[in-house]
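As given, the protein sequences belong to chains A and B, one line each in that order.
Read in the UniProt record's numbering, the first sequence has 84 at position 84, and its numbers run on one by one without any break.
Read in the UniProt record's numbering, the second sequence has 139 at position 139, and its numbers run on one by one without any break.
Treat the hints loosely; a few may be bogus.
Just so you know, same-sequence chains aren't split out, so a pair can sit in one copy or run between any two.
[As the list claims (entries may be wrong)] Once the Cα atoms are required to be at most 30 Å apart in a straight line, the calculated DSSO-like pairs of lysine-lysine come out as:
no.	residue 1	residue 2
1	K181	K52
2	K53	K142
3	K62	K181
4	K60	K142
Simulated from the structure, these hints should not be mistaken for lab results.
All values reported here derive from a predicted model rather than from experimental measurement.
Number of protein chains: 2
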Amino acid sequence: MADEVSLLDYWPSMFGMRTKMALAEKGVAYEYVETDPWVKTPLLIEMNPIHKKIPVLIHKGKPICESLIQLEYIDEVWSGTYPMLPSDPYQKAQARFWADFIDKKFYDPSWKVWGTKGEDQVAAKKELLEHFKTLETELGDKTYYGGEVFGFVDIALMGYYSWFKAMEKFGEFSIETEFPKLNEWTKRCLKRESVVKAIADSDKIIEYAYALRKKFGAE
Amino acid sequence: MADEVSLLDYWPSMFGMRTKMALAEKGVAYEYVETDPWVKTPLLIEMNPIHKKIPVLIHKGKPICESLIQLEYIDEVWSGTYPMLPSDPYQKAQARFWADFIDKKFYDPSWKVWGTKGEDQVAAKKELLEHFKTLETELGDKTYYGGEVFGFVDIALMGYYSWFKAMEKFGEFSIETEFPKLNEWTKRCLKRESVVKAIADSDKIIEYAYALRKKFGAE
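Bound-form chain A, shown alone (with noise of 0.2 Å):
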């Protein structure tokens, strides 16, 4: 197994895009092991028993569940290149509280927007713009989230960046239009090798969407 670490992840899951981001950025190798969440692998069991999800990180056999707590465990193992989490303690709680924010608030109407329909979609179009918004702010005018370097809130959110044009298309709006500042962000993040590599294209992801809003009832 190269390096000793191996990747159990679904090609749409933004979670496993960052956790892809991060080895790359740091330069690992690792063995991919495409599992589909809706499928209840033994291997994911065994490896996830507690939330039977994906993206599960297996290093010499250990398995490192949840994408926020992998990229900090890349990060230390891997601590020699490329630091995704800036060392001074407030800057890193700061960008904790970023990362955080993306999966407590920004995470539930990315999905509602695009697998939910009427009143539902209304509702989550409408708090996902706000935090859209909040995002815009928060970054400014600064190259990055952390400032300079490309780092751990940036992986955060760009592991949503493929599903950016299903939620401008299910949800009617328009990120370069409305959210200038946070466009010109993903286009300096797409400059880079590690986040090419990770993301999957964006059409895909609307047919999957399609597929899923099937699922759920929505179309």
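Starting from the structure of chain A, add chain B where the hints point.
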């Protein structure tokens, strides 16, 4: 301001109790600012404009929000005394996983079991008991969640201790009977001065829970 640290907190908050335990374990003196989160005070809005929630830890004038992020910050800034998180990256990831589990899974049914009624309460109780079972199993025969040392996960879960009696009362179950290992663990934790000083009186919490039940329309 004592050691340039202050804490905006509200006495019944399980999250604030965590931070108080951590500060006490580290021997950090601080100014306590009682802040009812139902009243959005100008200071709370200034210090936590995104979530407008307590606890907010303020160090040298700068706010750190979200209790688990505060614990990490406290562990890093006052690193000379009593490490809360293990130094080994894998053990650290495991500690983060369980603290995250408590917030992601345990929190929701833990308040719904006393804050709702009817079917919602029945569902919350079922879920809560499953999570208690998971936490009992994870503890197993260890002294503390991390092994021999009272640490990050112990603090994360003991934050809820003052609410256990309310959960038992409204949920009609007994931690002592159903989760004996966890019950013994609480007794061990309660021998620590940091814990005793941080926690609220369980009977006052029950009174507060009654007031909230009325507010939520569950009474």
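Hint numbers the structure violates, sorted upward? none
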